[in-house]
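Residue numbers (this note's numbering), protein chains in the order written: chain R, 1 to 147; chain A, 1001 to 1295.
Source of the hints: derived by calculation from the structure; they are not laboratory data.
Errors might be hidden in some of the hints.
Restraint ranges, calculated between C-beta atoms of paired labels, are given here [stated by the list, open to error]:
#	chain 1	residue 1	chain 2	residue 2	range
1	A	Ile1042	R	Ser84	29 to 39 angstroms
2	A	Tyr1276	R	Ala134	45 to 55 angstroms
3	A	Ile1168	R	Leu130	36 to 46 angstroms
Covered stretches of chain R (chain A as the covering partner; in silico rule of three or more C-beta atoms under 8 angstroms from a C-beta of chain A) [unchecked claim]:
#	segment
4	31 to 41
5	50 to 59
6	75 to 82
7	102 to 113
8	129 to 138
Glycine is no exception: its CB is placed at the ideal position from the N, C-alpha and C atoms.
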Amino acid sequence: MNDFSKTQESDVQLEGATQQVGVSLQEVRFINKVVTVILATGMYTTVGFYLIGLILFFAKGDSIPQTSMQYFHSFRSVMLAILSLSPRSFLYLGTISLILTPVSRVFISIFAFWKEKDKKFVIVTTVVFLVIVASVVVGSIFKINVG
Amino acid sequence: MFITYLVMFLIAIFAGFFGALVGIGGGIVIVPALSVIFHLPIHTAIAASIVSVIATSIAGARSYVDQQITNVRLGMFLEISTTLGALVGALIGVIVQGWILAIIFSALIFYMSLVSFRTRNTEDRLIETGAYNGGISADGISRSLRLTGKYYDVAAKSEVDYQATRTIEGSLISSLAGIGSGMLGIGGGVIKVAAMNSLMGIPMKVAVATSKFMIGVTAAISAVVYFVAGGINFYVVAPVALGTMLGATFGSAVMNKLRSRVIKTIFFLLMIYLGYQMLAKGLSLGLNVNLPGVL
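One chain only, chain A, in its complex shape:
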């Protein structure tokens, strides 16, 4: 039994480390690990994963806010969209069929993965020349709420200024992230990072840190509901949460030392994987077509 806990803990460290690098919760690793490797019922696995997402968000966000990479104001602003989206998503979940949403999400994720891949080299160049926001001017909302900031990029050894643009589009996509995590239970962080980086003109590292900061809130709402319903197994949650916190602490200490290109490439691969999983889920639920390599 001690071995079971140790393996669970090690997998959680990996999920936390990886999640901190790209700004996601790590449910994509935790849920299949708990259900496939440890044969836990899927509901127990999802509930444990949601609580561990809070843990990893707290540990990662604590470090990134302390390193002055997170844009707290931007995060708070987008939290309106993600929390409202999650509420709406849960309510319309009864009306719209999950498989249709899964296919729409898969298309959105594939599209954003391409944007991320195409801009992977541009971003490093912009950071090195110190002109990240060259040409991007803040829109009305961004100016009014002062959604701007700067961070020190350790890999590029330069200070990077930026300001948010296309805030309305960014908010809409973020609310989709909320709807998705409400209905499909996975992928909230990925969409938030992509919306901030590819759409709103936010540097990748700030998008990662700010997403990490935000995901704890939607996960906490979900966790309270599971908690009230009595669906949380503390004996599974404790080792997983401790592991993801440790992993996220390591990951957030490393992230700023990596080139944005590296982070964006890892992120691109993750999105391809997630997009495929979503497509497979949609096809299997809706049309009974089973794609290979799906857990």
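Just chain R, same shape as in the assembly:
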């Protein structure tokens, strides 16, 4: 950590650098606002589904299954399960909204940076999104744990 103790000379250089490098407060506020809204939406949706699922689960008084779960194979079967108040369908949707939240945070940020005309970060965020898609495809095909 020698860098912390450099002389005043570099402080002077630094002020120039800060102005060059700086991000405007407005820019930061906009992207932070977008991210906060996405994360909050994802969080409350998940909490809602999970709470309903757990309340139904306790109301029915089943025991915790030890094994992994059978999934739903169509939109129709999920909807039917929801209408019959099956706890599993609510827990299933809660888990989906949870997993999709960070992914949509990356995806929507591409457009937020686009709107800010920040081309470099449009590229950075697009690369991250493409690597996510590639990882999911590779992981699901080869059955390996990516991430």
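Starting from the known structure of chain R, arrange chain A on it as the hints suggest.
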């Protein structure tokens, strides 16, 4: 059964609270708790832990971004390295033996824990004098991508300016974090925080908040793969995820009120523990030597 859920929920609150303070996912608490206390199969425990890491990341990140502590641009930039690292790690996992990687990681973590311990008092002093970035000048990438920012430190009652430096080294170490979480399933957050704070000249609290923001992405990739393979038990995931979200919400409300010294000391102790666990894992898998005190 209600008691089982309640205990699971309380442990998850602790993991979420602790994870928010130091910028980690909390898998280090969740995995042993689920497998040792609740006797769940290790794969169920790991899958549940990964989903709960997403939950804690969302709750912690929501709060830290709202408090303007997270550096979203820095996080997005480093996510390239962590996601690529995780992909590469998963692919080379078939070639390189896990135990060798575990020992390398243990050495890296022990080294970074020492750096963190040595700088624990310096950082508070720099924050108080308002000269955190005194002498650190941004490198080319940092300047071009404007990886700079400021936050208000509640404990020190001062505004702290900073800018990232050594971005290439930081990216390389972050990709190691990705490789590690891909291959060893634990320790991604710890390495990210250490890389940002000890190497890139980012204040500890910003490193914690930005790591918290980033870990959800790699965990989500992992979770999709588990999901597709059918390895997620929703009945375990739901109480754990709810608990870690609640814990992370408490933790992220407290973090900025603590001195950086306190956070760095907790972080140092965590790293010593993690480094030891990694070393033990490597020795046990590779050389059949069993160290004491390992779960």
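Here's how the hints hold up against the structure:
no.: 1; hint: A:Ile1042 with R:Ser84: 29 to 39 angstroms; verdict: 33 angstroms, holds
no.: 2; hint: A:Tyr1276 with R:Ala134: 45 to 55 angstroms; verdict: 35 angstroms, violated
no.: 3; hint: A:Ile1168 with R:Leu130: 36 to 46 angstroms; verdict: 21 angstroms, violated
no.: 4; hint: 31 to 41; verdict: holds (count 6)
no.: 5; hint: 50 to 59; verdict: holds (count 6)
no.: 6; hint: 75 to 82; verdict: violated (count 0)
no.: 7; hint: 102 to 113; verdict: holds (count 5)
no.: 8; hint: 129 to 138; verdict: holds (count 6)
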